[in-house]
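Chemist: Here is how the chains run, residue by residue.
Number of protein chains: 4
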Amino acid sequence: MLKPKFGFYFKNMAGNSFGELFKLTTFGESHGRALGGIIDGCPAGLELDLEKIQLDLNRRKPGQSAIVTQRKEPDSVEIYSGTFEGKTTGTPIGFAIHNTNQKSKDYSHIKDSYRPSHADYVYDQKYGFRDYRGGGRSSARETASRVVAGAIAKQLLSDVKFNAFVSQVGEIELEVPYNKLDFTKIESNPVRCPDPKTAADMEEYIRQIKKQGDTIGGVITGVIQNVPVGLGEPVFDKLHARLGAAMLSINAVKGFEYGSGFSGVLMKGSEHNDAFNSDGTTTTNRSGGVQGGISNGMDIYFKVAFKPVATVLQSYETINKEGEKITTQGKGRHDPCVVPRAVPIVEAMSALVLADFWLLSRGNKK
Amino acid sequence: MLKPKFGFYFKNMAGNSFGELFKLTTFGESHGRALGGIIDGCPAGLELDLEKIQLDLNRRKPGQSAIVTQRKEPDSVEIYSGTFEGKTTGTPIGFAIHNTNQKSKDYSHIKDSYRPSHADYVYDQKYGFRDYRGGGRSSARETASRVVAGAIAKQLLSDVKFNAFVSQVGEIELEVPYNKLDFTKIESNPVRCPDPKTAADMEEYIRQIKKQGDTIGGVITGVIQNVPVGLGEPVFDKLHARLGAAMLSINAVKGFEYGSGFSGVLMKGSEHNDAFNSDGTTTTNRSGGVQGGISNGMDIYFKVAFKPVATVLQSYETINKEGEKITTQGKGRHDPCVVPRAVPIVEAMSALVLADFWLLSRGNKK
Amino acid sequence: MLKPKFGFYFKNMAGNSFGELFKLTTFGESHGRALGGIIDGCPAGLELDLEKIQLDLNRRKPGQSAIVTQRKEPDSVEIYSGTFEGKTTGTPIGFAIHNTNQKSKDYSHIKDSYRPSHADYVYDQKYGFRDYRGGGRSSARETASRVVAGAIAKQLLSDVKFNAFVSQVGEIELEVPYNKLDFTKIESNPVRCPDPKTAADMEEYIRQIKKQGDTIGGVITGVIQNVPVGLGEPVFDKLHARLGAAMLSINAVKGFEYGSGFSGVLMKGSEHNDAFNSDGTTTTNRSGGVQGGISNGMDIYFKVAFKPVATVLQSYETINKEGEKITTQGKGRHDPCVVPRAVPIVEAMSALVLADFWLLSRGNKK
Amino acid sequence: MLKPKFGFYFKNMAGNSFGELFKLTTFGESHGRALGGIIDGCPAGLELDLEKIQLDLNRRKPGQSAIVTQRKEPDSVEIYSGTFEGKTTGTPIGFAIHNTNQKSKDYSHIKDSYRPSHADYVYDQKYGFRDYRGGGRSSARETASRVVAGAIAKQLLSDVKFNAFVSQVGEIELEVPYNKLDFTKIESNPVRCPDPKTAADMEEYIRQIKKQGDTIGGVITGVIQNVPVGLGEPVFDKLHARLGAAMLSINAVKGFEYGSGFSGVLMKGSEHNDAFNSDGTTTTNRSGGVQGGISNGMDIYFKVAFKPVATVLQSYETINKEGEKITTQGKGRHDPCVVPRAVPIVEAMSALVLADFWLLSRGNKK
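Protein chains in written order, with numbering that gives the first Met the number 0: chain A, 0 to 365; chain B, 0 to 365; chain C, 0 to 365; chain D, 0 to 365.
In case anyone wonders, no lab produced these hints; they're calculated from the structure.
Glycine included, every Cβ here is placed at the ideal spot set by N, Cα and C.
Take these hints with a grain of salt, some might be off.
[To be verified] Chain C residues, not near chain B, derived (Cβ > 12 Å throughout): (1) Glu-19; (2) Leu-156; (3) Phe-182; (4) Lys-324.
[Claimed, not checked] These stretches of chain A come out as covered by chain B in the derived footprint (C-beta under 8 Å, 3 or more residues): (5) 27-37; (6) 133-142; (7) 158-165; (8) 216-229; (9) 289-298.
[What the hints assert, rightly or not] Counterexamples of contact, computed for chain C against chain B with all Cβ distances above 12 Å: (10) Asp-39; (11) Lys-51; (12) Gln-63; (13) Thr-68; (14) Thr-90; (15) Lys-110; (16) Glu-170; (17) Glu-174; (18) Glu-203; (19) Lys-210; (20) Glu-232; (21) Thr-317.
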């Protein structure tokens with residue numbers, strides 16, 4: 000193996016928890032026995048709708064349409080603790096999703112080489128050791144646990160509306176503003192774009208990309224509505240800073256913006272400022288529902304940029320663990336475009352962020 | 000005052016610490032007696048160059064050029080603890096910057112009204128109470144404490160190179176890639192853009208904007224070089240997720256992208272992947288120095304989008320605390336464009352992120 | 000149900016993690032589907048001996064001798080993640096112990112009433128709701144997860160020796176100092192007292208207590224040897240403060256002392272001080288291996304006081320949920336004295352504390 | 000200097016924060032420029048009585064009576080932030096106590112040698128470096144910052160009653176149970192024992208010890224009354240576990256027990272259990288106000304054991320930094336018995352623990 004750049008390995012990992020009072024800790028690798036997590040801090044007395052949790056898992060799972068990976072993973076969740084007689088008890092909710100096809104596959108082509116723009120090389124460098132089966136811990140399969148926790152967070156914050164949808168695939172961009180869209184149409188097509196015409200274009204484009212054995216990037220827009228005024232903890236844990244960190248922690252994400260975002264750079268203050276209505280709402284919403292890191296009650300909206308999936312089904316050059324150049328061939332069943340399956344993940348992370356700030360702000364009293 | 004939207008106030012704030020092992024906690028309001036902070040976790044034995052700390056503070060401070068706010072604040076830092084005989088002792092470093100002109104000004108126009116796109120309204124809604132002098136805690140003056148801590152983090156990580164510069168002001172964009180730039184020229188002009196021609200254009204544009212009593216947005220590019228392989232703590236505390244959160248916690252920031260960023264969306268996987276050289280470096284660097292949330296030793300580069308400053312020196316409509324519409328006039332000495340002074344803040348937050356991951360990874364042993 | 004004392008319920012729980020860099024989070028109730036946990040931060044490359052983990056679980060499990068509860072719980076642990084080819088990978092170790100006899104029992108006598116000196120009442124008051132089966136989350140069954148994690152921590156710190164033993168049962172006290180004892184004899188008797196004569200007396204006494212349907216308290220002495228100099232994080236996270244918190248978090252613990260402990264109160268400084276040898280060791284060790292919150296390399300020794308188990312197999316008066324007085328009868332298979340089974344728990348918590356400080360101090364580099 | 004036992008130094012310290020939502024971080028060494036801290040999380044709108052803060056500081060400060068150290072330190076606190084117009088704003092409260100006599104003294108006898116049972120040796124071993132003036136960071140002077148924060152926590156929890164008093168000095172023990180004592184008499188004598196007769200005996204004994212140039216240990220009893228039912232976060236952050244950690248983090252503390260404590264070991268379950276009254280209170284209170292880690296509304300009472308102060312004004316043998324034996328003479332103005340001045344510290348830490356659990360449980364809503 001290539002020598003560690005530091006002369007030694009770091010070896011331990013420390014970042015598998017998210018949130019402070021509604022805290023999710025996850026475990027599990029792509030091809031281990033099971034993955035899952037613990038939610039510490041979910042208030043007692045919440046009637047838990049298990050079907051809704053499974054529904055979100057199904058939206059994330061492989062094999063759901065022709066434009067996503069054709070792997071078969073049932074992704075069915077078992078709740079081990081924290082509920083009694085259908086309600087949460089206030090104690091930690093432990094859950095697991097067992098892997099059913101963990102052994103079958105041949106990973107020898109990954110074992111001894113580093114795939115470009117994957118985490119193979121850095122895992123070996125950091126830990127001196129790696130579970131190479133399907134990417135191990137670096138696989139997006141881990142996000143299944145986030146979807147479970149996010150689905151519970153959504154039920155906790157039943158008044159808040161969480162929506163996410165695909166707003167761009169490669170150069171095909173949905174140009175309708177989010178507030179002119181019908182969110183009930185998001186699930187009406189496999190791309191998860193609420194505009195049928197654009198969705199059809201995107202779907203066709205992804206099919207072409209797939210035929211080429213290639214992949215393509217995309218953008219997901221997230222919208223959080225009916226948010227109470229006052230959530231967010233300046234100066235470091237500003238609502239949008241935590242939201243940004245949440246999104247950037249999702250596999251393949253390269254960028255995050257909220258409200259006016261990067262296009263706000265082009266504006267003058269006199270154009271950008273949101274004028275107040277008498278009730279404290281604003282006539283425009285370039286602030287994106289957050290001022291000074293605290294929610295102001297307007298819609299929170301944001302964009303998340305995803306790079307193209309690194310695994311291409313083509314021949315490519317790379318290096319093996321000894322640093323020798325080799326030519327190899329991408330294979331397996333992979334997503335040509337990650338955004339359709341990432342929509343429920345963006346929603347889940349949004350809900351985790353909001354649930355945590357909610358509890359930080361008010362305990363759980365109604 | 001407008002009634003709290005929730006029926007009550009949240010009242011407490013909880014997010015004034017950043018980092019886990021190199022942990023900064025800050026205090027202080029724009030016009031309080033002093034602001035400052037505590038760095039907990041700085042290793043012992045570091046020879047501290049106090050002049051370098053003050054130098055970074057001077058780069059952030061008001062009044063340094065014609066295109067920034069003309070307020071006078073000496074911003075001189077006092078170190079209270081954690082050093083002995085010129086070296087750090089491993090114990091917490093407490094420091095303060097005393098405010099010298101805290102009382103003079105008249106804030107009655109702010110006290111009873113909410114400035115658009117400022118944090119006035121949400122602070123009142125969250126805490127039921129607000130220090131209205133100069134924005135109180137929501138003022139960017141708080142970032143002076145970050146610059147102090149960042150300057151110490153830079154000294155700890157003396158092998159790592161932290162640079163930031165202004166790459167866009169309004170529509171004027173620096174199109175030269177960062178690795179063709181001469182970073183020693185960043186400080187050669189008041190805009191802090193390393194390309195003299197673009198800098199001159201930006202400066203002239205900011206002067207015009209200022210004359211209009213208006214403000215304009217901008218972009219800062221950050222570059223971190225000579226980073227060890229292996230920093231970052233997946234799956235939530237990925238290096239770029241923490242870096243993004245750090246940047247988004249800076250006042251006025253609306254977006255963050257690293258590596259290929261939002262433009263990576265347009266690319267195919269076969270174009271976007273970074274091919275390996277034999278030593279583990281890559282021929283291209285669309286990954287932006289981070290793979291799977293862990294540094295790969297290549298340059299880390301990123302962009303941070305700043306909205307235009309909300310305070311415009313023009314007449315505008317807004318509401319007072321009773322929700323009545325009023326017309327008021329912006330006044331005072333404010334920045335027409337925030338990015339020139341934000342450059343050292345971006346560098347400081349970069350250094351805080353790296354120092355923390357460094358200690359998380361290896362303790363302090365050399 | 001008695002009205003909440005505050006006018007409302009608190010509802011959420013937030014304290015199910017222990018440690019910062021070797022962090023254990025546990026889940027599970029006495030009679031839920033499973034209990035278990037996640038260890039976040041165990042370094043990569045540790046060869047994991049699963050038999051040793053099960054061995055410690057067996058020392059804690061019910062039914063192992065005539066003087067402990069006769070319940071049957073196999074307590075067999077499944078590791079779900081974080082290991083590959085027999086070694087830890089540096090990623091989170093998720094594990095579960097499935098409950099095999101979760102349904103059978105009749106808990107109607109607990110459901111509607113509050114057992115004295117149990118957590119029934121406070122759980123109802125805090126959460127407005129309670130899993131009453133076998134104490135739910137407040138059951139000492141949760142400590143099985145700690146034993147699993149502690150067994151892994153022991154393997155990580157293979158040079159450090161962790162021992163605990165029963166030094167008192169009711170008034171029967173082992174008066175031999177710990178350093179005159181043969182720790183290999185701890186497991187030679189069901190009481191886990193290394194002095195055979197005292198062990199026999201204790202065992203006989205526990206049998207009598209059991210015959211009376213009563214219970215009795217006890218003391219466990221913990222000894223940690225071969226500890227590196229320098230572990231502990233003043234001023235709040237002193238080694239002995241964290242150790243004390245760890246012990247006090249074990250069910251039924253009422254007190255903790257280390258080194259000279261409460262008897263140190265009686266001494267003069269001139270008697271109590273530990274004189275130095277030339278190599279930095281000390282001639283006496285009243286400090287108990289810790290000075291100023293930092294390990295000094297001498298043996299760390301401490302005592303943990305356990306109250307008598309609250310469940311007595313006798314008739315007693317108490318109140319039901321409406322606050323009415325009722326007479327009821329204790330039943331079931333309970334421990335007459337908790338200390339024999341708590342010995343591995345004390346060891347486990349010791350190992351968790353040391354592993355965390357070890358990683359806090361030095362990362363994982365050898 | 001003696002070689003580090005590990006082959007290297009750990010160097011960094013990481014434990015200077017206490018609490019999660021009412022979080023105190025402290026800085027400062029015995030003879031640095033200033034010590035102080037930041038309270039992050041104090042709710043907005045609290046009218047702050049600065050005199051009460053100073054009053055508690057005065058109870059802790061040197062020179063207040065003939066039986067404590069005669070050093071002169073005014074210990075006057077400056078509040079830098081987090082208040083406006085006499086009320087807290089919800090933002091961090093930064094404060095400092097400037098050292099007035101930091102330079103004068105000669106510490107050459109400490110600089111090159113290790114005082115027995117002090118932290119000198121372990122600080123050098125951990126950090127490779129030490130501020131030797133007056134013990135540096137390991138000095139109990141740091142607790143002044145805790146007293147400031149505790150005084151604010153007491154004002155936040157104005158309904159809760161915090162009392163602490165000296166219940167033992169050497170062999171002189173106050174045998175009256177706490178609920179038969181008149182707490183208003185605690186401040187009526189320099190020992191801070193509410194029983195005048197015992198106080199006189201203790202005072203006389205301390206005078207004798209002082210004359211001998213020696214020191215003596217003691218016990219402080221803490222009592223927290225009028226506590227809401229439901230505070231505490233099992234399974235790790237049990238109320239008494241956090242309280243124990245708080246007390247054990249105070250300089251010179253060797254033991255902690257609550258409720259029946261170590262004497263509970265001697266009791267049978269049938270004797271130890273607290274029977275319920277109809278309203279959920281209990282007829283006895285061996286539980287010490289905490290069941291299963293959660294407050295039950297009864298008085299919380301506990302004992303804290305302090306060892307004798309290590310600095311004796313006698314001649315003693317020790318080693319220097321090269322490990323050579325030397326004979327030296329204790330000098331300076333030190334406390335013959337630490338407990339009278341530690342009473343406000345025990346109260347302060349109690350209040351910090353309760354304030355944190357209060358906010359964890361209910362946010363700040365009334």
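Chemist: Now tell me if each hint is right for this structure.
Modeler: Results for each hint:
1. Glu-19: 7 Å, violated
2. Leu-156: 15 Å, holds
3. Phe-182: Per Cβ check, Phe-182(C) is outside 12 Å of chain B; nearest 31 Å; holds.
4. Lys-324: 39 Å, holds
5. 27-37: violated (count 0)
6. 133-142: This one holds; 3 residues, not fewer than the three required, reach chain B with a Cβ under 8 Å.
7. 158-165: As far as the region 158-165 of chain A goes, the hint is violated, because 0 residues have Cβ atoms under 8 Å from chain B.
8. 216-229: This one holds; 6 residues, not fewer than the three required, reach chain B with a Cβ under 8 Å.
9. 289-298: Coverage by chain B holds for the region 289-298 of chain A (7 residues, Cβ < 8 Å).
10. Asp-39: 10 Å, violated
11. Lys-51: 27 Å, holds
12. Gln-63: 39 Å, holds
13. Thr-68: 40 Å, holds
14. Thr-90: Non-interface label fails for Thr-90(C): nearest chain B Cβ at 8 Å, not farther than 12 Å.
15. Lys-110: Holds: least Cβ distance 35 Å, greater than 12 Å.
16. Glu-170: 46 Å, holds
17. Glu-174: 42 Å, holds
18. Glu-203: For Glu-203(C), whose nearest Cβ neighbour in chain B is about 50 Å away, the distance exceeds 12 Å, so it holds.
19. Lys-210: 53 Å, holds
20. Glu-232: Per Cβ check, Glu-232(C) is inside 12 Å of chain B; nearest 9 Å; violated.
21. Thr-317: 38 Å, holds
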